[in-house]
Each structure stands twice: as structure tokens, then as C-alpha cells.
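Let the sequences and hints guide you as you build the complete structure.
Okay, so the sequence shown: first residue is 28 according to the working numbering, each after it adds one.
Please keep in mind that the hints were generated in silico from the structure rather than gathered at the bench.
Accuracy of the hints is not assured; some may be wrong.
What the hints assert, rightly or not - 27 Å max Cα-Cα, derived DSS-like pairs, lysine-lysine:
#	residue 1	residue 2
1	K445	K381
2	K365	K381
3	K445	K365
Unchecked claim - Ranges between beta-carbon positions, derived for each pair:
#	residue 1	residue 2	range
4	K365	M329	34 to 40 Å
5	S118	D367	33 to 39 Å
6	G127	V151	30 to 36 Å
7	V456	G153	27 to 33 Å
Glycine residues also receive a C-beta, built at the ideal position from the N, C-alpha and C atoms.
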Amino acid sequence: MTSSTSEARPAPPARLLLCTDLDRTLLPNGRQAESAAARGLFAQLVQRPQVTLAYVSGRDPALVAEAITTYQLPRPAWVVADVGTSILEVSGRGWERDGGWDEAIAADWAGRGALELLPLLEGVCGLTLQESHRQGRHKLSFYVPLDVDAPSLQDDLETRLRRAGFRASVIHSIDEAAAVGLVDVLPASATKLHAVQFLMARLGFDHGNTIFAGDSGNDLPVLLSDLPSILVANADPHLIESLGSARAGGGHVYVARGGFMGMNGNYSAGIVEGVVHHCPGTASWLEPGPLPHLNARGEVRMVEVGDRPHTLRQATAEGLITMDPALLQAVVEGRSVKGDVLAVARVAAIQGAKRTSELIPLCHPLALSGVDVAIAPVPERSALRVEVTARTTGPTGVEMEALTAVQVALLTLYDMVKAQDPAMTIGPVRLLRKEGGRHGAWAHPAGGQAALPVEG
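So this is what it looks like as C-alpha cells:
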């Protein structure tokens, strides 16, 4: 009798539209902790050719772009910005606003802009107009007190606008980090739900291959629909409670619990957990692939990269060397018996980057286009910090060049002053971030220099 395990395993979807909110859903900018492996697994999931990724955010397009850079997020195919009032396609040509969507929602306000509605809402208690950069062509945004009676306020605003001939939707949410309530006045057909449905129709997706992920009140229209959805574990507890019936009914809203692949369910960990819940076949996309440095017979080989496109690639690594405080001061001030120790270490780092393939057996020799070396004291650690950024335009990454350069610089520093302090300690050494190639941008989950562990 043969095992049927592989036959019973769910197949991954042929196509999947994943629409996710950003702040405190994908972005780890809430109070809860992010699992270290989560963003890497999210990137592994969405970089599958079957996945079309859309970011659905209350941010304007410029702030969405800023978040992608700051948090080293995978590049989406689409961006739904301004709480659903703008849709942009992201391609090699840049970000192009979808005029069809603008036309579709403009009719709700008879072609009028958001600020033209402002006089109709004068005198409403508790409304404070948000900054100009937070307003949009079809989005009027306010701050409100945390204890505002949201249902009554929403009804009041929608009634005022309806009487004036404007079809509007009022969305209430809470900015947990800033401890303030938010209200967005939108065309009635311009919520996140309508925008996602527009994308589904445009791209040929349906409820069977579309998933939405969110965390707060402005995601409510989608969460209350019958669209398969995810609430990350760090979502607003009141929102989770209010969606109890939706979860118990059709089960289309999944609340991440944590524990999946050892992660806590917050932010991108919750998205990954929820995607696998709704589409169990996607679990296979998260499995580690075969080791590329081994051939079919298990023998060591150099990976073939000749068929890969040549793209701009960059990697940054860092490392520490800890030494006696008096010696550190002498090195920084150039008073070492061996002269300018830091200058020699910088040259050594560059040389190390250039010779990496001679030191690491299976590394490809690369034509480096640039190597930047920075060495600075970290007085509170009695240490020197070396940071190296390596760049190339080629078929494979430069992580090893950056890491090798850092370690050669650290060894050179040790060699130059070991007579004064043989007890110097090297480490930790780590990759900080990388860009380019098939896997896109990546950043160390712990962040930059401040996250280096402190001994003692």
C-alpha cells in the first residue's frame, strides 16, 4: 500500500491576489513585537509568480513609497492609496494613476473636490482637520477624540452630505501609536472594499483567489464583506470583538493566533499565517528549496548564474572590534605606534571585497562598481564599528563581498594594535541590508547599529 500523503496535499493556487494594509498590518510600527523571520517569509511568499501583490493604505502614494523604502518591502504590482480613493499601477514605467477609478468615484461628489465639502461640516463637535498633506482629491480627513461616539458621528456626517447631494462614506479608525481617532470622508463608492473589488474585476480575480489583510477600523468595509480576510494578531481588540459574528459565520475573517512556523502572528507573521489558512497549498511556497550549491548527485558545484539578468545590486554589512578604552582613543586620534591604523583598515576592507571569490570557494568573482568603508568609534562599547557597502551590476548579489570586507578590516585593526591589547574581541558581524536581484530588498529585522547586542 503506497502513501497518499503527497496526493492529499492541497495544491497551491494558480493565481492569488493578496491585498494588504500597511501601517500596523504589514509594517511593524505598532507597540507589539515583530517576529524576526516574518518579513523574510512574507517576501518569499509574495515573490512567487502566481501572486499579485497590492498595498492598500490610508497613506498617500508618496508615503506608501516611503514605507516601501524604509521597511525594505517587496515591490507591489498595485497600490491602493488614500483609504481607497486612488489606485496606481506599479511597473517599470513608474507609478501610474488609474484614471478609470478616478472617474468611477468622482460621480459620488458630482465632480467636486474634497475641500469643497468642508463648509458643509462646519460646527460638527470634535472634528479637527488633518494636515494638508493628509488630504486627497477625494479624501477629507479629520482627527477626533478617542472617546468619540463613532456611529453617531458617522451618521451625522453622512446625513449632512447626503442632504447637500453628496454620496459619502465616513470611515472611523484609531491611530494606536498616536493615541488619536481618525475620520476619513470618502465618496460612497471609494472605500478600500470598492477599490479591491475594482482591482479584482480589472485583473480577473474572484473570491476564490483574493485575500485581504488588515488591522483597524478603516479596513472594516472589507472585513465585513464576504471576501476572505485576515486580521493580524496585533489588530485592534475592539475590532476583533466586533467582527465575532463574521468570524463565526462564514469564517471568512481569520484572526492570526501566532505559533505558525514559530512566529507570533503580529504584522507580516499574521499575514503569512492567514494566507496559509485560507489557501493551505501556499504552505509549500514557504518550504526551503534544495541547496543550490549541490548538483543532482549531491556534489558541490558553483551555481550557474549566466541566465540571470544583470541588475544593480548593493549590500551593507557591519561589525565591531572591542578594545581597551585608552587604546581606542589612541587609534581614533591617530596616536598608535603604527600610525594611521584606520586608513590601513579602510584599504584592507576594499582589498577584501575585491578578493572575496579567492577566499570563499563557491563565490562568483564580481566586477565591483563601488565599495564604501566607514569606521567610527562606539565609545559606550569601547569599540570601533566598521560598515561596508559594496555595489555591482551583475547576475548575483554582493552580500559576501560586504561581509568579507568588514571582517578583513576588523582583522587588520587587530593585527595593527594587537601588541597593545591581545584581548581584543571581534564581533558580532552581520549583514544589515541588501537590494536588487530576484528577491528584492531585505533589511535586518533588528535594524541598524543601535540593535547590536551589548555585552554584560
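For each hint, the structure was consulted:
1. K445 with K381: Roughly 25 Å between the alpha carbons, so the hint for K445 and K381 holds.
2. K365 with K381: Within the cut-off at roughly 25 Å; holds.
3. K445 with K365: Holds, because 11 Å separates the two Cα atoms, which is no more than 27 Å.
4. K365 with M329: 34 to 40 Å: Holds - the Cβ-Cβ distance for K365 and M329, about 39 Å, lies within 34 to 40 Å.
5. S118 with D367: 33 to 39 Å: 49 Å, violated
6. G127 with V151: 30 to 36 Å: 33 Å, holds
7. V456 with G153: 27 to 33 Å: 53 Å, violated
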